[in-house]
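Respectively, the protein sequence lines represent chains A and B.
Following UniProt numbering, the numbering of the first sequence begins with 1 at its first residue and continues without gaps.
Following UniProt numbering, the numbering of the second sequence begins with 1 at its first residue and continues without gaps.
Incorrect hints may have been included.
What the hints assert, rightly or not - Simulated DEER-style distance windows between Cβ atoms:
# : chain 1 : residue 1 : chain 2 : residue 2 : range
1 : A       : Thr110    : B       : Gly330    : 37 to 45 Å
2 : A       : Asp125    : B       : Val75     : 47 to 55 Å
3 : B       : Ala384    : A       : Glu115    : 17 to 25 Å
4 : B       : Glu378    : A       : Gly114    : 50 to 58 Å
To be verified - Stretches of chain B that chain A covers, calculated by requiring three or more beta carbons in the stretch to come under 8 Å of a beta carbon on chain A:
# : segment
5 : 332–345
6 : 351–361
7 : 366–378
The set of hints was computed from the structure by calculation and includes no laboratory data.
Even for Gly, the Cβ is constructed at its ideal location relative to N, Cα and C.
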Amino acid sequence: MSVLDIKDLRVSIETEQGKKEILRGVDLSISSDEIHAVMGPNGSGKSTLAYTIAGHPRYTVDGGSITLDGEDVLAMSVDERARAGLFLAMQYPVEIPGVTVSNFLRTAKTAVSGEAPRVREWIGDVRKAMESLRMDSSFGERNVNEGFSGGEKKRHEILQMELLRPRFAVLDETDSGLDVDALRIVSEGVNRIKAETGLGVLLITHYTRILRYIKPDHVHVFVNGRIAEQGGHELADRLEEEGYDRYLKAGV
Amino acid sequence: MTATDTTPAALRTEAEPARPIQTRSERPTSFDPADFGAPTGREVNWKLSDVRRLAPLFVDEETEAGDEPGIAYDVDGIAERGLLVESTGHDAAPRGEIFRPEDVVSAIAWKRCPNALHIRLPEGQEVAEPIVARLHGLGADRHANAHIVIEAQPGSIGTVVLHHSGSARYAQNVEILVRAGARLTVISVQDWDDDAVHASAHQAVVADGGYLKHMVVSFGGDVVRVNPSVRLAGHRAEGELYGLSFADAGQHLESQVYLFHEGVETRGDVLYKGALQGTGARSVWIGDVLIGSGATGTDSYEKNQNLVLSDGTRADSIPNLEIETGDIAGAGHASATGRFDDEQLFYLQSRGIEEEEARRLVVIGFLMEIVQKIGVAEIEERLAEAIDEELRRGAGLAPATRAGA
Ligand SMILES: Nc1ncnc2c1ncn2[C@@H]1O[C@H](COP(=O)(O)OP(=O)(O)OP(=O)(O)O)[C@@H](O)[C@H]1O
Ligand SMILES: [Mg+2]
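Produce the complete structure using the sequences and hints provided.
What follows is the structure in structure tokens.
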């Protein structure tokens, strides 16, 4: 069993107005096979947490730690983190002109597993994964995320997760922009991968809708750069009813 | 007229208002170098050029006599296939059928080349194998002048590659004749050593129903200037003008492109892409498109895109579009210069791909649009290799400063 452990994480960014603190001491521990949902108002720092785990250079870690089975994640480069088994499904996936999806997937798989996949097997795996996510096979020849609709981009993120087989995945609003069918298909994908590999999931979302398909073991309320409350599924339902006023008024 | 663009969000797009070319179609021409004199760098067709480094090509001297040639021409394969026409003197048609020197270098090249190299695709024939002429420079201090005629006779189909390597001070004219219904691809590859000085003027005419794909691929050399000028003269003539350049430290790579829609219902597409890296890397692109008064039904688009990989580079990009008839199908132009996108790099790295490989993917991806139009395996492989070399050389360089960082 693996553990992704985040302790007292403090993160800031450089802005034109100077240094801006965003994460103010985040504690979160995720084990294999667990699903943690993170909900919170816009701008509270959820994506910042996701990007910091992945190692985006824009964010400066001022304190605290992230470890994966005791290994110092913060000391790893972005690509090393991915090879160590971390995956981030991005809120806004990036377009890469001139790089086809199939070339990209093969290059990523080769990088993550340290050797080129066997061709026949790989082609079969890709086809199967695309079918189960209801992605047309023509996506393979398109450039990464170029001209993809919002929902197609999200499916493409989950496709990568399926093929790269990470130990922990951060899903940053993967449910936003998905239609009802796509939401179910993507959720099924996450559940399937979890069942097969014991994936641990950090699911960032604004809506309880996805939590009907992906059952969280823990729900965290994220406010103003830290976790304001933790609970089970019932907490998510209450948030949907009441919003975040209670936390904001409390002036966390 | 509209100026639209499909550049990725990362690239800043400036859809500039069309500026009339005015002088482009009336630019003075002469076969006599004395009529031009040495450029000062203030002339419209020299003002963004490196006149100082090109100066050896302004010298009007005998170059093709003696026993120390500047360029070795490996065209045996072409001769064996019966595609080479012997000795084309100054007055031997079709030499000079359409070619008119527009600058002093071109006039000297004309004057000092007694025998043009003449490659001819026979009427009605499809030549499947690319015709490759290998032009190898024999010394950075050697001055050479050449006039080359490439003629696609009516209904012929084929690809001609001019591959430049080694080093020389090389002035060159390329006269391209695409007869009715012919389909010709001309690819000029500047794979020079670091100290080569090269200026080339290509002038092409495309007759009724003819098609010319013209490509300029420049990555080697100290200063390289390849200026293609294409006249779509015939009814439904088509011209596709593509360029790819990779300028590294101290290199000056330039193309002044001119596309003249003269005939009725002609179609033109101009796309040049350039990557720049290292201090003093410089690229110059001037794209003039003229839609003549008789060119009704014209469809034309031109675009230049540059990708800046490090600080200390400069890319000049100037699109011009002049339209003399109101009755056209469409015309547009775009120019964009963008810095290497950190978000793309992050996305790839977050999938386990190492930084160097990620950079390679992004750069090759950017240039891919042109690479995949080459269609000659040998050149595509050489180009991929050259891009890898360039990227390795640039591996230690700091990435281009991020805007707003
Ligand atoms: N480059 C930047 N310059 C200035 N502020 C920034 C920058 N990047 C992030 N921020 C700020 O950091 C804060 C946290 O942003 P973050 O994207 O982590 O929020 P979020 O919780 O993911 O919000 P959402 O629910 O809208 O996705 C916001 O106030 C945001 O404006
Ligand atoms: Mg967010």
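Here is how each hint holds up against the structure:
1. In this structure, A/Thr110 and B/Gly330 meet the distance hint of 37 to 45 Å, their C-beta atoms being roughly 43 Å apart.
2. In this structure the hint that A/Asp125 and B/Val75 lie 47 to 55 Å apart at CB holds, the actual value being about 50 Å.
3. Checked against the hint of 17 to 25 Å, the C-beta distance between B/Ala384 and A/Glu115 comes to roughly 22 Å, which is consistent with it.
4. About 33 Å separates the C-beta atoms of B/Glu378 and A/Gly114, a value inconsistent with the hinted range of 50 to 58 Å.
5. Beta-carbon proximity to chain A at under 8 Å applies to 4 residues in the segment 332–345 of chain B; the threshold of 3 is reached and the given coverage holds.
6. Coverage of the segment 351–361 of chain B by chain A holds in this model, with 8 residues showing a Cβ closer than 8 Å to a Cβ of that chain against a need of three.
7. A count of 4 residues in the segment 366–378 of chain B with a Cβ less than 8 Å from any Cβ of chain A is obtained; the coverage claim is therefore met, three being the minimum.
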